[in-house]
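Student: Sequence:
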Amino acid sequence: MRTITTIVLCISVHLLFAQSAGNQKLNDMTRWNSMDKAPETVALIANLNEMSFHVNVLMNVKADAYVAVFSISQVGQTLVETDNLSSRRINGFINSLQSIGIDTADIFTDMISLAPVYDIEVDKKLFSETYNEKPVGFEIQKNVHITFRNSELLDKIITASVQNEIYDLIKVDYFVNDTKQAYITMETEAVKYLNEKIKGYEALGIELDTTHKVIADAQRAIYPLERYATYQTFSRPSIDAARKRTFMNNDVKVVPSPRITTLYYNPLPYDNYDIVLNPVVSEPVVQFSYTLSIKYTIKDPVPKVIKQYYILTPDGKVQLLDMK
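All residue numbers for the sequence shown refer to our numbering, where the first residue is 15 and numbers rise by one.
Just so you know, not all the hints are guaranteed correct.
Unchecked claim - Below, computed lysine-lysine pairings styled on DSS-like, alpha-carbon distance capped at 30 Å:
#: 1; residue 1: K206; residue 2: K194
#: 2; residue 1: K227; residue 2: K318
#: 3; residue 1: K309; residue 2: K206
#: 4; residue 1: K206; residue 2: K76
#: 5; residue 1: K213; residue 2: K309
#: 6; residue 1: K156; residue 2: K170
#: 7; residue 1: K321; residue 2: K309
#: 8; residue 1: K309; residue 2: K211
#: 9; residue 1: K213; residue 2: K194
Stated by the list, open to error - Pair by pair, the computed Cβ-Cβ distance ranges are:
#: 10; residue 1: R273; residue 2: A217; range: 54 to 62 Å
#: 11; residue 1: L326; residue 2: I229; range: 14 to 22 Å
#: 12; residue 1: Q333; residue 2: H68; range: 52 to 60 Å
#: 13; residue 1: V205; residue 2: D97; range: 57 to 65 Å
#: 14; residue 1: K318; residue 2: K206; range: 32 to 40 Å
#: 15; residue 1: Y279; residue 2: H68; range: 22 to 30 Å
#: 16; residue 1: R241; residue 2: V205; range: 26 to 34 Å
#: 17; residue 1: Q112; residue 2: T276; range: 29 to 37 Å
Because the hints were derived from the structure by calculation, they are not lab data. As the structure is a prediction and not an experimental result, all values here were calculated from the model. Glycine is no exception: its CB is placed at the ideal position from the N, C-alpha and C atoms.
Produce the entire structure from the sequences given, and follow the hints as far as they go.
Tutor: Shown next as structure tokens:
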């Protein structure tokens, strides 16, 4: 009975892990013992005469505006027909966008290309065949840029595009109006964190030479377009097919459903950051990263000087002179 209980518990733990970690984890490992190991935290002393402090700050900021870019390709037998068909789809798209509250000033059409379309014409002769390219029509390509300020509008924008036979969403750009304030906020938090850390070292009796210090900082912005990762769905054959195969002595050929590859938003992890502002992320955000480093020279202990004076007596003896 003890052995059976142990097996059941192991299976239950494995299933619970899959539910709490998500199927994404199953793409990264094959068995339970291949889980990523947490890196070991090691503190190193590089130079006995210097003390360096570093702080990494990450700030998640929701975008103030978004720009979605759609691609439209249209072919036709004549130039006029091609342009009319393309304009009809774009104008219908613009009308649909206006109905959901997007102003025409926030819509821009970018002309990309206009080129002839060729087909192969076979010229048959008595002893040979010649294949010639022959223009049979035209293809026009345009992009439509749409600016919006509420992320929930994107679903409605996509619906409007599909209704007008526009299916290619190229990208969505994210914009933050006041990036300067984001960096100021992170710098303030970094300085506060470093000051507290330095006080802790001073409490240990380490005296830092504040007149000799070197300061360096770095910053960058990580946009959602950089943080999308591929994901392959985790699928299995159906239970019914598995049962039939069992009852029919493995005579049933089971064809598993295809595994679909998709994308998901994978924000920058927090493990390398000392401070994370706005840590909970429920939608794609702009992630601002800031690093502040400062290096102090440790003061050498000042030696205590003891002065002693001696005199030579008339009889040739050296005698310590009391200066008190």
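Student: Now look at each hint and say whether the structure bears it out.
Tutor: Hint check results:
| no. | hint | verdict |
| --- | --- | --- |
| 1 | K206 to K194 | holds (19 Å) |
| 2 | K227 to K318 | holds (26 Å) |
| 3 | K309 to K206 | holds (16 Å) |
| 4 | K206 to K76 | holds (24 Å) |
| 5 | K213 to K309 | holds (15 Å) |
| 6 | K156 to K170 | holds (21 Å) |
| 7 | K321 to K309 | violated (36 Å) |
| 8 | K309 to K211 | holds (13 Å) |
| 9 | K213 to K194 | holds (29 Å) |
| 10 | R273 to A217: 54 to 62 Å | holds (57 Å) |
| 11 | L326 to I229: 14 to 22 Å | violated (57 Å) |
| 12 | Q333 to H68: 52 to 60 Å | holds (59 Å) |
| 13 | V205 to D97: 57 to 65 Å | holds (59 Å) |
| 14 | K318 to K206: 32 to 40 Å | holds (37 Å) |
| 15 | Y279 to H68: 22 to 30 Å | holds (28 Å) |
| 16 | R241 to V205: 26 to 34 Å | holds (28 Å) |
| 17 | Q112 to T276: 29 to 37 Å | holds (32 Å) |
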